[in-house]
Amino acid sequence: MVDALRRRGIADEAVLAAMAAVPRHFFLDNAFEEHAYEDKPFPIGCEQTISQPFTVAYQTVLLDIKNGDRVLEIGTGSGYQAAILAALGAKIFTVERQEQLYFNTKKLLDELGFKTVKCFFRDGSKGLAEKAPFDKVIVTAGAPVVPEPLKEQLVVGGILVIPVGESVQKMLKIKRLSVSEFQEERLDDFRFVPFLKGVSRK
Numbered sequence: 080m081v082d083a084l085r086r087r088g089i090a091d092e093a094v095l096a097a098m099a100a101v102p103r104h105f106f107l108d109n110a111f112e113e114h115a116y117e118d119k120p121f122p123i124g125c126e127q128t129i130s131q132p133f134t135v136a137y138q139t140v141l142l143d144i145k146n147g148d149r150v151l152e153i154g155t156g157s158g159y160q161a162a163i164l165a166a167l168g169a170k171i172f173t174v175e176r177q178e179q180l181y182f183n184t185k186k187l188l189d190e191l192g193f194k195t196v197k198c199f200f201r202d203g204s205k206g207l208a209e210k211a212p213f214d215k216v217i218v219t220a221g222a223p224v225v226p227e228p229l230k231e232q233l234v235v236g237g238i239l240v241i242p243v244g245e246s247v248q249k250m251l252k253i254k255r256l257s258v259s260e261f262q263e264e265r266l267d268d269f270r271f272v273p274f275l276k277g278v279s280r281k
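Residue numbers (the working numbering): 80 to 281.
Ranges of calculated distance between the beta carbons of each label pair, as one might list FRET restraints:
1. ARG86 - LYS210: 34 to 42 Å
2. GLU209 - VAL258: 16 to 24 Å
3. GLY236 - ALA100: 24 to 32 Å
4. GLU263 - GLY192: 32 to 40 Å
5. GLU113 - LYS194: 24 to 32 Å
6. GLU92 - GLY147: 13 to 21 Å
7. LYS276 - GLU92: 33 to 41 Å
8. ASP118 - ARG280: 31 to 39 Å
9. MET80 - GLY124: 19 to 27 Å
10. LYS186 - TYR116: 18 to 26 Å
11. ARG85 - LYS276: 33 to 41 Å
12. GLY124 - GLY236: 36 to 44 Å
Here are the simulated EDC-like pairs of lysine to aspartate or glutamate, each with C-alpha atoms no more than 20 Å apart in a straight line:
13. LYS230 - GLU263
14. LYS230 - GLU209
15. LYS276 - GLU209
16. LYS230 - ASP143
17. LYS230 - GLU264
18. LYS170 - ASP148
19. LYS249 - ASP268
20. LYS205 - GLU227
21. LYS254 - ASP214
22. LYS194 - ASP148
23. LYS170 - GLU209
24. LYS210 - GLU231
25. LYS119 - ASP268
26. LYS254 - ASP267
Don't read these hints as lab results, they were simulated from the structure.
All figures in this text were calculated on a predicted structure; none of them were measured in a lab.
Here a beta-carbon is modelled for each residue, glycine too, at the ideal position from N, C-alpha and C.
Construct the complete structure from the given sequences, taking the supplied hints into account.
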């Protein structure tokens, strides 16, 4: 898998090492286990997917994780992205709106020993104000617009990575330059599940 990521242009050795260290098959349904290291997304229930490894690596590289970074993740999903960030030395606050996924993934991450990942059952469009500010924010669903609370909960110098658009999303990297100033880079196109407001209970 790591060799395939290199061939697709992922050159950050720390990110590649984290991808090699975290077993992706732990985060998949048994039916897909033999395909766990292929560069494909897979369904994880609740109409959600685990992103393909390239997408996980791509977003992680953009975040430029430093050891000890406080990272807000919107869309816990399978927990795989959070595990990669934790392997890079970050402290993760991850928010999931699907109650069943929240319980399942929290249990899995606890069992796997990811002590620096804290899970929350919330509406991700509001961020996580009581734990703000964050050094980095990552969104793992396609949003029609950038939710303002996610920008406001960044430290100055912090980075937000978010796919924005309808059927196809443009990956944005937004850096907070000051209290009121943000710099936006528009990067490659991706397809994510839609970013939804509110919560969905079992």
